[in-house]
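Enquirer: For this note's numbering, count along the sequence shown from 1 and bump the result up by 14.
The set of hints was computed from the structure by calculation and includes no laboratory data. Where a beta carbon is used, it is the ideal one built from N, C-alpha and C, also for glycine. Certain hints may be false.
[To be verified] Taking lysine to any residue pairs in the SDA-like style, the calculated list, with each CA pair at most 20 angstroms apart, reads:
#1 Lys33 - Gln19
#2 Lys201 - Leu189
#3 Lys185 - Ile169
#4 Lys201 - Asn143
#5 Lys192 - Pro225
#6 Lys201 - Asn147
#7 Lys37 - Thr63
#8 Lys266 - Asn36
#9 Lys67 - Glu123
#10 Lys108 - Gln19
#11 Lys192 - Glu159
#12 Lys192 - Ile98
#13 Lys243 - Asp221
#14 Lys185 - Glu92
#15 Lys67 - Asn256
#16 Lys108 - His145
#17 Lys224 - Glu159
#18 Lys266 - Leu255
#19 Lys201 - His100
#20 Lys266 - Arg205
#21 Lys248 - Phe222
[To be verified] Derived Cβ-Cβ restraints for the label pairs, each shown as a range:
#22 Ser179 - Asn234: 38 to 44 angstroms
#23 Ile23 - Arg168: 30 to 36 angstroms
#24 Asp111 - Asn204: 22 to 28 angstroms
#25 Asn203 - Asn256: 20 to 26 angstroms
#26 Arg168 - Pro85: 27 to 33 angstroms
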Amino acid sequence: MVSIQNGTIGDIPFLMVEKEENKGMPLPLFIFIHGYTSAKEHNLHFAYTLAEKGLRVILPDALHHGERISPNPPKVMEYEFWNIVHQGIKDVDKIIDWANENNYVFDGEIAVGGTSMGAIITYGSLVNNQHINAGCALMGTPSHEDFARWQIERIERAGHKLPLSIEELDKSYELISKYDLVQNMDKLNNRPLFIWHSEVDAVIPYDFAKPFVNLLTENNQRSVYMNDKTSGHKVSRPAYLNAVEWIAQTIKAKKETV
Numbered sequence: 015m016v017s018i019q020n021g022t023i024g025d026i027p028f029l030m031v032e033k034e035e036n037k038g039m040p041l042p043l044f045i046f047i048h049g050y051t052s053a054k055e056h057n058l059h060f061a062y063t064l065a066e067k068g069l070r071v072i073l074p075d076a077l078h079h080g081e082r083i084s085p086n087p088p089k090v091m092e093y094e095f096w097n098i099v100h101q102g103i104k105d106v107d108k109i110i111d112w113a114n115e116n117n118y119v120f121d122g123e124i125a126v127g128g129t130s131m132g133a134i135i136t137y138g139s140l141v142n143n144q145h146i147n148a149g150c151a152l153m154g155t156p157s158h159e160d161f162a163r164w165q166i167e168r169i170e171r172a173g174h175k176l177p178l179s180i181e182e183l184d185k186s187y188e189l190i191s192k193y194d195l196v197q198n199m200d201k202l203n204n205r206p207l208f209i210w211h212s213e214v215d216a217v218i219p220y221d222f223a224k225p226f227v228n229l230l231t232e233n234n235q236r237s238v239y240m241n242d243k244t245s246g247h248k249v250s251r252p253a254y255l256n257a258v259e260w261i262a263q264t265i266k267a268k269k270e271t272v
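Generate the whole structure from the sequences, applying the supplied hints.
Expert: See below:
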């Protein structure tokens, strides 16, 4: 039987999913981060399947999402996107520290993954935190700065006036590049990644991932890449099934208790 518990780590609401008989035991840990405008509950199918395979899964709410939506949310959420991403990277650090302090992690086995914005946070977390053993990125991009510039170009082409000066934009790009995995490939340290991306994704275009994928798969034999030509910005069932199997095998989860 799989157990779902509510909790908070500081100001981060989360769900923790594990087998009932594994409660309190150190287990391989997987942190799964939802996408933009989503919430932690929307990825329980990932958590359930991984819990059945012997993992402990923590699903946090991102800033301005789920239980973290404030009474006075930002008027234009799009302009908050990268603030949410960078807070998400810090949240991953807090969750890992909390899990280690509570003896919830088996033998340092930690993986991080997510969909869309959650995948972007995953790439940034791999740059930021060397205690993460593996990553699972579903329809995200490791090219943070290029994607941010593309977002701004789209906003400008639509005729919207940006609430930022050129100097403020440049400072934002400088911060964004700090967590850009393509610009910080040395930080990956040969850690494996499972990457899935549809070639017809209009929200986070495949072109932002493809060059990195080619470089990664040539130099990291433990990484896996999947794509399709039909799903668009929606994780397919084959992607979900392959992702959970890869995660369980990569961070050494056993099919029963650890």
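Enquirer: Flag every earlier hint the structure violates by its number, smallest first.
Expert: none
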